[in-house]
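K.L.:
Residue numbers (my numbering), protein chains in the order written: chain Z, 1 to 341; chain Y, 342 to 740; chain W, 741 to 1195.
No lab work stands behind these hints, which were simulated from the structure alone. Quantities reported herein were computed from a predicted structural model and do not represent experimental measurements. All C-beta atoms, glycine included, are put in the ideal place defined by N, C-alpha and C. Be careful, since some hints might not be right.
[What the hints assert, rightly or not] Below, simulated DSSO-like cross-link-like pairs (lysine-lysine); rule was C-alpha separation at most 30 Å, straight line: (1) Y:K697 <-> Y:K371; (2) Z:K330 <-> W:K743; (3) Z:K101 <-> Z:K111; (4) Z:K290 <-> Y:K371; (5) W:K853 <-> Z:K330.
[Unchecked claim] Far from chain Y, some chain W residues (derived; all Cβ distances over 12 Å): (6) P817; (7) S847; (8) L856; (9) G858; (10) L869; (11) V871; (12) S885; (13) M897; (14) K921; (15) S928; (16) K957; (17) V959; (18) R984; (19) S994; (20) A1037; (21) E1162.
[Claimed, not checked] Under 10 Å between C-beta atoms, here's a sample of chain Z residues computed to sit facing chain W: (22) Y107; (23) K111; (24) P114; (25) I119; (26) M128; (27) Y276.
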Amino acid sequence: MPETIEMLNALTLFSNFVLIPGLAYGSQLALGALGVTLVFGILRFANFAHGDLMAFGTMVTILMTWWLQSLGVSISPLPTALIALPIGIIVTALFAVATDKAVFSFYRLKKSPPVILTIASIGVMFMMNAIVRFIIGPNDQRFYDGEKFLMKAREFKQLTGLDEGLSIRYTQVLTVVVALVVVIALFWFLQRSRTGKAMRAFSDNEDLALLSGINPDRVVLITWIIAAALATIAGVLYGMDKSFKPFTYFQLLLPIFAAAIVGGIGHPVGAVVGGYVVAFSEVMVTYAYKKVFVYVLPEDWQPEGLSQLLSTDYKFAVSFIILVVVLLIKPTGLFKGKVIK
Amino acid sequence: MRKTLLATATALALSASMTAMAASHSEAIKVGVILGFTGPIESLTPTMADSAELAFKEASESGALLDGKKIEAVRADTTCVDAAVASSAAERLVTSEKVVAMVGAACSGSSTAIATKVAAANGVAMISPSSTSPALTTVEDNGMFFRTAPSDARQGEVLAGIVIDRDIKEVAITYTNNDYGKGLAESFSTAYKAKGGKVAISAAHEDGKADYSAEVGALSASGAEELVVLGYLDQGGRGVIQASLDADAFSRFILADGMIGDSLIKNVDGSLNGTFGTLPGSESAGAKMFLDHAKANGIDGDGPYRAESYDAAALLVLAMQAGKSADRASIAKNIMSVANAPGEKILPGQIAKALKILAEGGEVDYDGASNVEFSEVGEAAGSYKEVEVAPKFNTMKVH
Amino acid sequence: MSKFRAPLVFLIMAGMLVFVGVYQSWSVSLSILGMCLISAVMALGVNIQWGYAGLFNAGVMGFTAIGGVAAVLVSYPPVKEAWSAGGGGIGISLLIMLVMSAIIYFSLKLLPKGKLRGLLIFIVLLLGLYVARQFFYPAVSSIESVDSAVSGFLGGMGLPILFSWIVGGVLAAAVAWAIGKVALGLRSDYLAIATLGISEIVIAVIKNEDWLTRGVKNVTGLKRPVPLEAELQQEEWFISLVSRFNESKLAAISDADAKAEMLRSLVIEGSGIFVKLCYAGLFAVVLLIVLALSIRALNSPWGRMMRAIRDNDEAASAMGKDIKKRHLQVFILGSAVIGIAGAMLTTLDGQLTPTSYQPLRFTFLVWVMVIVGGSGNNLGAVFGGFLIWFMWIEAEPIAIVLMSFVTSGMAETSALKSHLIESAPHLRLFLMGLLLLFVLRFSPKGILPEKVRHS
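Chain Z extracted, bound-state conformation (with noise of 0.2 Å):
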């Protein structure tokens, strides 16, 4: 039946350009934004130096790759820097938990605002900065080596028989999945385990949890290796993705407060939500439909220009408007997260 062909071509059209590109980049987005909405629960301030913290993970990671790789070590067709992104993640979590040792802590036992803590991570964040360029430089760097391609645009065509290509990477399916077992964990962490009822309960009423026996250090500690384990974890996978460049980390920060923000402040579910809403936001409203309506809209209902919503000139500026609109509308996010006073 051509029309069922037809319809199959559009999908194909849209996974290829939209959905899986979309999902690869939200699960990403994902990740980082649960740090900051972990950090800013428990923790209660806005972290501005996670993207830093990204980058300081991805770097370690890096550089134990190269050093696996020197020796021989490889787990192909898997990329090497899954051997390595343990070692990466028990070196950030130590940093992590020494800025806070070094920084934040000083301010949380003397109870001052939270913007406070902010203002003090926007001078960590300046250090980390300069910390990242000093030991691996500004260049860019690329440290995949895994196979490439799942399934390639042209190997797909010939497969299906469709006009249209899908091509499917490893790191996309790779990201896609550790971020799915990633937060299935973290969720029943969370949910299940002692320490995660004592954050959680930390999170919802510091002084009831202090009167209830919980150790308010422990959690703190738990908080910022978790915080450094998905900070790692989503710049490595991005780094993968795409490649490692200490400024382009820097400017993951914004879209990943956006989702923050959006999904809810604080609020796990909220993270994960808002990460791909941004991503798919994105990508769709930038997206130009016009092929995809050629191959469902009867002829004469077929759009003369590229019907596109937005010029991808503003592409960065979408996930700014998401925000802005979502503050607006409902300050606590699309899922009740944390209205800080």
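Dock chains Y and W against chain Z, hints included.
P.N.:
Frame of chain Z, contents of chains Y and W only:
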């Protein structure tokens, strides 16, 4: 609090005394290398500076420069984005370090600020290796601003001609969202349309951003079969190409100078065969010689604006020798004469030879790595090579 | 002690500038001073919002850029071809938008709340946008095709650029009013992130609306409020001024040629210093006016009320103070001051380069100034502006010296050595972060803390 101030003062005192010390025991001629070492193009600039300093090293080691003088390069950071920092840094080079000339700046904004506020004001020549903005042609520079990178206006026309000659009637364009990309995109599409081509979509991409799949989606949906990429080969431009190949949106690309270099082929996964574009320069042996020469000195010469940086530095050195003086005004006056005919052609690695010719009263015409030839306002007039990937960039023709 | 603290730190600051003047050069010192003054105005603007009212505005970059756009719109000569090509279309579409807004405004005022009203507004909005587009896009494309390599935008009004300082303030205030209306309901971190996002949107508009701002193609060659150095060097009166200033120096040289050469270099040096002094004088006037007004405002009943709202908004609200209105007021005032500084900055640069507006430089660095200087204290903010800008520029030579000191024992060919020296520029960010954390830890109210009055 007082500790902070004390520490600041100590650091300053230290810096000043060290500068004074450094100044006292070196007789070297100081030349500034002022580029955006931090900020958006921080990944390009270190190698550009290395390339420039390679030319200085050659001159110093030759022993022929002004009877055996040495050149000391002084680096300064413009941050690329902040005109105020750029002019302060240039001010420091010129009035405190007393440099006699400058290589730089890299970004057009910084170049404009330095040209009008520092170079013109103090009569210090500067040669930018990478500012391509057409606006710089008419900048109020008092004759002090030169560039080895050609203005974008002409390249767009040449590229459009090549595309039409290859019988490509419809293209999509993506450009990096700055003055280089946008200027080039406009000059290209004007010329292309005038020659009967059709631009299906012209969309910007921002460098250093997270993801380029949205751009590629829009570009491919335009229905054009060919994509013109006007950007940088280690920035968003490569991101767009990679995303296009990954999604099988485009299989070959039309590129301008910022995108062309073997590192693009090395760093993109997938085949770029059939990709073509324009690169300033003629089919001179110069470009090739520069690559070999740089490699012998541990520098990867293959990348944007590295050859131009080397040439800018070489021109300054030769201008000193031609005027027989490291005086600022004399350098500025002699840049044109060493860059253009008449005289013996000079290629990369031959600085020592050129210095000797000049010392003996001869004349040189520096061609260098990027085939330098200045127009009367001190800009590379530029012929362009048409290059094509098969599977490395090969020169097809000169326009 | 506290009485002498402010004069003392300013004296030290002046000392540091003199130090740079003597050991580096007066040109460097004065060019730093000019930017210090602008930074101080910017920091004052942020201090009005943060120090007086506790509003965390992370959109400083946006207001700075709006001030910069004002400088172009005021001083650039109008591009006649562009006006005749598309000025009418732009005008008509703006008129349609205005009518549309008026209809919506009145229907919100006059009609009862309900589905019908919503529907009406929606239809008017859609229709208005559709009709406006019909005029807007053709006009934009014809404007942008007017000599696009050198112009391609409407240009400005061709007035002296000094007017733009006021216009920049007014424009920034207008935008702040709109942003404040929608975002000020949010508190602390939320407001910060919202304003950060909005400032990115502002930059995106400036970058992409070429017909208005020339976008990323930059506007260069803005008129200067002070003479050009190269012209000054030819002026008779200036040369005689310089020779009178350096009479003894010149008299010591007997050889006529050497004397002329000496005079020439003195004139070149002098012209740079003279121009920078002119700029610094202009900026200092603005800074003093803004500072005087700020100090008066802070000590007035209005200032006391603002601080009361900042320190305990519930109590202030119970006292019958309209907090939302006051916040909006202070947000507009602060943003206007930032806008003025933005226009001054573009005037000094002589060009508008929209790609140069990066949050790290134009938002976070200004914040460092306010926090380090002393929030809530106007003099503190001014000092912060001075100190941080000074460090921002001087960090580079310090870093280079530091690095060559650290690496002095290493071999010439050592890879580590060249890596460290190449990384020196990045120390600047490190120093800024360190300074911020240091002050926040050991003097959390800044170097010049807010005076707590008990009266």
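K.L.:
Decide, hint by hint, whether the structure agrees.
P.N.:
Evaluated hints:
1. Y:K697 <-> Y:K371: Judged against 30 Å, a Cα distance of about 21 Å means the pair holds.
2. Z:K330 <-> W:K743: violated, 48 Å
3. Z:K101 <-> Z:K111: At roughly 15 Å apart (the allowed maximum being 30 Å), Z:K111 and Z:K101 satisfy the hint.
4. Z:K290 <-> Y:K371: Judged against 30 Å, a Cα distance of about 59 Å means the pair is violated.
5. W:K853 <-> Z:K330: Between W:K853 and Z:K330 the Cα gap is close to 20 Å, so the pair holds against 30 Å.
6. P817: For W:P817, whose nearest Cβ neighbour in chain Y is about 14 Å away, the distance exceeds 12 Å, so it holds.
7. S847: Consistent with the label, W:S847 stays out of reach of chain Y, its closest Cβ about 37 Å off (over 12 Å).
8. L856: It holds; W:L856 is separated from chain Y by about 38 Å at its closest Cβ, greater than 12 Å.
9. G858: holds, 32 Å
10. L869: holds, 22 Å
11. V871: holds, 25 Å
12. S885: violated, 8 Å
13. M897: holds, 21 Å
14. K921: holds, 29 Å
15. S928: Holds: least Cβ distance 26 Å, greater than 12 Å.
16. K957: Given that some Cβ of chain Y is not farther than 12 Å from that of W:K957, nearest at about 5 Å, it is violated.
17. V959: violated, 9 Å
18. R984: holds, 21 Å
19. S994: holds, 22 Å
20. A1037: holds, 26 Å
21. E1162: Answer for W:E1162: violated, closest chain Y Cβ roughly 6 Å.
22. Y107: holds, 8 Å
23. K111: violated, 13 Å
24. P114: With a minimum Cβ separation of about 6 Å from chain W (threshold 10 Å), the hint on Z:P114 holds.
25. I119: holds, 6 Å
26. M128: Given a least distance of 8 Å, the restraint on Z:M128 holds.
27. Y276: violated, 18 Å
Of the numbered hints listed earlier, those contradicted by the structure are 2, 4, 12, 16, 17, 21, 23, 27.
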